[in-house]
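Let's have the full structure, built from the sequences with the hints guiding it.
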Amino acid sequence: SPGATVIVADAPVITLDSPITGIAFDAGTAVTIVVTATDAEGLIAQVEFFGDGESIGTDIGDGDDFYEFIWTPVAGTYVVHAVATNSLDLTTTSTSATVTANVLPAITWTGPSDADILPTGAAVILSSTATDADGTVIQVEFFVNDESVGIGTTQVDNNYTVSWTPADVGNYDLHAIATDNQGAMTSTTPVISVTANDLPVISLESPLDASVFDADTEITISTIATDTNGSIAQVEFFVDGISIGTDTVLD
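Take 282 as the starting number for the sequence shown in my numbering and just add one per residue.
Just so you know, the hints here were simulated from the structure itself, not pulled from any lab data.
Restraint-style ranges between C-beta atoms, simulated for each label pair: (1) ASP307 - VAL360: 17 to 25 Å; (2) VAL360 - ALA311: 14 to 22 Å; (3) ILE513 - THR389: 30 to 38 Å.
Think of the CB as a built atom: it goes at the ideal place given N, C-alpha and C, for glycine as much as any other residue.
Rendered as structure tokens:
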């Protein structure tokens with residue numbers, strides 16, 4: 282009787298190139314899974330990609346040995362692998378990689394406010410609130426004109442603060458960056474712009490300390506007020522802590 286004809290062939294070879302185990306990426310962003318697949322005797326018919334054992338897509342290639350699939354996972358940890366099938370319907374499974382789709386930390390600027398006027402030479406508390414939905418915030422770093430001024434210390438209610446002293450008169454842009462336990466970063470937006478201003482200088486010229494005058498007589502209170510980087514808008518006068526009037530006229 283005639284003998285049976287059999288074909289002896291090698292299974293395809295497949296290597297998972299990307300991603301690698303341990304990598305973390307932002308949830309909701311596209312991630313490209315890349316493999317190299319070859320076959321000694323025939324052709325690669327397709328490469329099928331899997332996330333946590335479920336098929337997420339296939340690629341029939343474009344003539345070279347590289348196959349890829351663009352995947353957009355929600356937040357979570359996944360085991361990904363791929364299976365190559367050749368023209369003889371033989372299959373090989375790649376090694377797997379465990380990856381994490383990470384939720385970015387959330388951060389909100391809380392102080393000072395945009396357009397605030399700050400005194401030069403006086404400490405100002407910069408503050409932001411930061412949280413992380415699927416992990417922890419490991420640090421909040423504060424920046425003035427894109428230069429780091431320190432890592433914030435944790436206060437109550439996820440608030441982070443750092444002390445900063447504006448040394449010179451001028452405009453300053455402030456922001457903070459939160460980093461989570463996966464290394465993902467989020468910056469506060471919009472950038473906060475503040476102005477550092479020298480305080481005005483004022484001296485009381487009259488009356489002198491311990492002066493005595495008749496009751497019900499008109500007394501002139503006079504001062505000298507100057508401002509090194511601007512002008513005096515007004516001088517307000519007080520008696521026993523109670524305002525008795527203002528002067529906006531420069532004599």
